[in-house]
Amino acid sequence: MSIIDTLLNDFFWRALIGGLGVALIAGPLGCFVVWRRMAYFGDTLAHSALLGIALSFLISVPLHLGVIITSVILAMALMLFSRNKTLATDTLLGILAHSALAIGLVALSFMPSVRIDLTGLLFGDLLAMTRNDLLWIYGGAVLILSLLTVLWRGLLMSTIHEELARVEGIPVERLRLLLMLMFAIVIAVAMKMVGVLLITALLIIPAATARRLANTPEQMAALAVLFGFIAVAGGLSLSWHLDTPAGPSVVVTAFATFLVVYGSAGQLSARPSA
Amino acid sequence: MSEVLVAIEDLTVRFGDRLVVDRVNLSLHRGDIITIIGPNGAGKTTLIKTILGIQVPTSGRIMRAQNLAIGYVPQHLSLETTLPLSVKRFMLLSGQSLAECESALARTGVSHLLKASVHHLSGGEQQRLLLARALVRKPDLLVLDEPAQGVDINGQAALYDLIRQLRDELNCGVIMISHDLHLVMAATDKVICLNQHVCCSGYPADISHDPAFIETFGRPVADSLAVYHHHHNHSHDLHGNVVGSGTSHSATGHEECSHEHH
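Here the protein sequences line up with chains X and W, keeping their order.
With the UniProt record's numbering as the guide, the letters of the first sequence map in order to residues 1 to 274.
With the UniProt record's numbering as the guide, the letters of the second sequence map in order to residues 1 to 262.
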């Protein structure tokens, strides 16, 4: 107990434990972002987090909850908008991503009483990880991993072929909503770790790295978790020793891993990966 | 009369102002093979999506037999290459046992691909995999959207032949979209020519003489099919007799179109 206590009292260990928790859920969810081409969508949700923070201050709810609610509302708005196809999806996402970010910044500037570290929110803050954050991260991780386990086949099937899945009776729309909810949670809990501007990187890069070595969807998800762990541990060490910002350091480590894996795997096998 | 699997009445689908499917009536019995033909944008895919239950009709009625198991063969499997997936895994995602998946693959002639990645299949192999995926669910109704797309000319005839054999083995109904007019004309019980509304429908042999068909596809196509049919009528009739699935053949073969044609 005392060891755990010591660990949790140390901000470095808190950040590491929190970061590993985030990587645990970012791995499998990141795979879905890659498989379903939702990178830009994830980015849009992440950008809305700032608006969520402003909102949580306004109606005094916990930050994480405010961010989750805002992301879910935005996700649903996006789903509705994209149904009537007057604007291309990427245009729509571009509009909403940056508008959400800008509105969030403007809203926060209207609250001079709120002392907030904007750089920390945008790029992550190692020091900011509290015990409360750890609770949110691991609570979210338990929820998301349970949901993923139960819904795995349906999610996979609706990713592979949405219409085939529907014909086979899989509730595609409901699963899409649940996936949005899971994205919203991961954004809310990862926000302090890497910052809203870099969250998508934490979702995509480990998953993309894993693709090079995986032969099944499950292997890819597991490897994505592993590469996420490497990115978090490596990034935090880098930050600790060189005094670099934590969020960007994690992303830089993830990118370096990506380059190494793609470089070496390319030499090992000339065949295209299965 | 065999069991009615699907019946649609006055089915209409609009996308905004655009009328995509216009008051279509259709009924499909167990053992029937109905092929929908028609120009691009005629609403063929929308019509079968309504039958599949993935497109909500704007108006009209659609009735499906109780507990109808549908096997759907989509146009293609446009899968992101980022998703690693083997043929075996794709089959198992149907929720059926490995033995059943293997026997479905064997039936469509692609059991050797069990370990292969779905990303490395040829057009023909992919269609046979999708067909196996539909079969493994033991469908009462098989719905195929251009099953021979991306299949070479020899493979096409073999594929249509396989679909007909499967209809006999499973005693299911088949509804498919096709552009391969010659093959369709030879392999189908009933053809529906769709151009938003049903232009004409009936036995393959009759339909190529239909003025509405000629108007839709042009005289050269109709003539070439008519010649083709003259040649093949016997084998078609003979086949019908041998198989003995011709119950629906006694029905009115040819419904004249009630719409005006411009």
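Treat the hints loosely; a few may be bogus.
[What the hints assert, rightly or not] So these bits of chain X aren't anywhere near chain W, every CB distance computed over 12 Å:
1) Phe32
2) Phe110
3) Leu147
4) Leu213
5) Thr257
[To be verified] Partial list, computed: chain W residues near chain X (C-beta under 8 Å):
6) Gln66
7) Leu68
8) Leu113
9) Tyr203
[Stated by the list, open to error] On the chain X side, residues computed to face chain W include the following (Cβ under 10 Å):
10) Arg131
11) Asn132
12) Leu156
13) Arg211
In case anyone wonders, no lab produced these hints; they're calculated from the structure.
Since this is a predicted model, take the numbers as computed values, not measurements.
Heads up, the beta-carbon is just placed ideally off N, CA and C, and yes, glycines get one too.
Which numbered hints fail:
The structure breaks hints 1, 4, 6, 7, 8, 9, 10, 11; every other hint is satisfied.
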